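One-letter residues, chain by chain:
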Amino acid sequence: MNKQLIGQDEWEELLDKAISGRLTDSKAKELNTLLKSEQSRIDDYIRYVDMHGSLYQEPLLAVAGGADTMVDFETIKSVEARKETVRFWKRFAAAASIAALVAFSLNLWQVLPGSNSEGFERADYIGIMTGLKNGGANEKHFVGQGLQRGPFRLESGKAQVRLDNGVELSLRGPVEFDVFGLDHIAMVTGRMTAKVPPQAIGFRIDTPDIEVVDLGTEFALKVDSFGKSRLHVLEGEVEARLKDGLNNENYPLIIAKDRLEELDRSPSYLEKVYDPVSFAPSPVRDELILATGGMVHSLQDAPRDLRHGRFKHDYIMLFPERLDYELSESLPVNLTEPGTYRFISKSAIENYLKTATDKQKNREKLVESSLVQGEIPASTKVNSYLVHFDASEKRGKIHKARGRIRFSKRILGVILHGPDLNDSDVLVGNPSTVYENNTGRRTEDDVVRISSDRHQVFLQFKVNGFIDQARIIVEADIDPSELASND
Amino acid sequence: MPHSQDAQDVLQETAIALHNKIEDYDPTRPFAPWAFRFAYHMTLKHREKSSRWHRFLDEELMKEIASRQSMLVPELDQRRGYLKECLAEVPKNKRVMLTDYYFEDETVDVIAVSQGKSVEATYKALQRVRKTLMHCIEGKMQVRGLNA
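In the order they appear, the protein sequences are chains A and B. Residue 1 is where the first sequence starts when you use the working numbering, and the numbers rise one by one after that. Residue 488 is where the second sequence starts when you use the working numbering, and the numbers rise one by one after that.
Worth flagging that the hints you see were computed from the coordinates, not collected in a lab. In this text the structure is predicted, and so the values were computed from the model without any measurement. Each hint can be trusted.
Distance ranges between label pairs, derived from CB positions:
1. A:Lys140 to B:Lys618: 48 to 56 angstroms
2. B:Arg631 to A:Lys365: 46 to 54 angstroms
3. A:Lys29 to B:Arg631: 31 to 39 angstroms
4. B:Thr619 to A:Phe226: 54 to 62 angstroms
5. B:Val560 to A:Glu337: 41 to 49 angstroms
Among chain A residues calculated to face chain B with C-beta under 10 angstroms, some are:
6. Glu13
7. Ser20
8. Gln39
9. Asp50
10. Leu55
11. Asp358
12. Arg363
Note that the Cβ used here is the ideal one computed from N, Cα and C, for glycine as well.
Taking the hints into account, I'd like the entire structure generated from these sequences.
Here's what the structure looks like:
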């Protein structure tokens, strides 16, 4: 490569023009020549594009109002914890941005399944309980609970936990384990199935007698009361070894789902035939939610109690209420059309007009809280999701949060107005959830954007002593015209 | 890519291709290289449509960048960690601008209007913040490298 001379400032300006799409033809040629002249130029370019791509995914930029507005899970005591990096999606973003050369990582989160790459910023827990079913009467756990390092025990029922690195754990009680970190769990007894995404390869589970290291897979473990373990590989492969085995079983062995027959000798802890009843079930994933971004975290199950002050958390929580449900009567919704709306009470309009910037006024359509844009007809099959943000603990302060959700199906409508939320609880709410139905459910200057393809909703919530909620109604039937357009 | 809309187009095309071909994905193999190949081929395909692209980046150079990028992965991971730290040091008004641009997906034109600046001045302001961040990351890389 021939070294081409250029001043540092000029070089940086060239890089910036490249990533912001402002290269003229002559500058594009110059950049091409420079990149070919020296490997360090290529490295500089990659670093610059990678930073640019990372900024699109940076959760710090999704926090409205800065870090000081964050609140902690009510029931979780803070501890010092090391934050882990969710590497895979960021690598993807970087590689994609390199491949597409500029800003290719733009909105990657929209299209990649399960890209909850934000993790829990500034919080001290490393995972969240996303689902809980058939827990006993004295069950201390709850949906939305933060998971910390340390011992964990589920007495009964089934639960699902998502670690910040994307590992999904399905548990069948009674189960007991110790969380050492995002990449290491020690199981004492019980049943657990782990689905490990590519970015978390290397995730390890110890039991009293074996050690299993994930190599990109889904695997099930059960440990009986004597500490004896059984392993079944559902997908992909793991590396496993007996801690104190005989016959060389204490040497690490690669066990691949599709190559079990190739094993010279089946290890004593391996269960080749899968009995779903004796293990914990496979972790489930909501296929309707393609991705979440910003401060939204999705749960598999709806919380039990959503009354004011009963379900406080750092994040905007998203959960299903009714799925594949046929409306028995028509459902009025506040928003149906794509656009950016500032949902505001009548009394606050005057103040908004005084204080809003021109940018806000140009961008947002100002609508009264009681607006009803349309009605979803009776007999329509729908999926109902609720987003919930309750940061009322620090009364007197305003708390803000923003986030985005992309659904695989079209959004039919959004309900935000308190009385309309109350009215729709019976029809599309989760029957076993207790909802707030007093004045605690209130719209306060919130912004909602429905994308032009109607698959995505952006939310900007601001709470001050009350809870913010939005009920999102998504179509359940596949639209034949959409299938045609994807061909 | 000469224009961010091109990047969006490639992104969408890749997403559709990945979605349509997900059945072909062998889950016993790492997902990333498989997905990268799609991204890479979609980029090549898109590049063929644009003459400006050819001036900017020929196929040989694209291959070189892709190859080099895979070697820099550990360093890039480290840099992303420092980016968080550096971002925390950015003054509030600059961070608002970054939020508007990167999170809100606002165009520079809109940001310029909201800040009462010209479009060119806004581009420059964004460039300056990115430059500051880049230098901050470099500084941390050097300091931590020396102390390691």
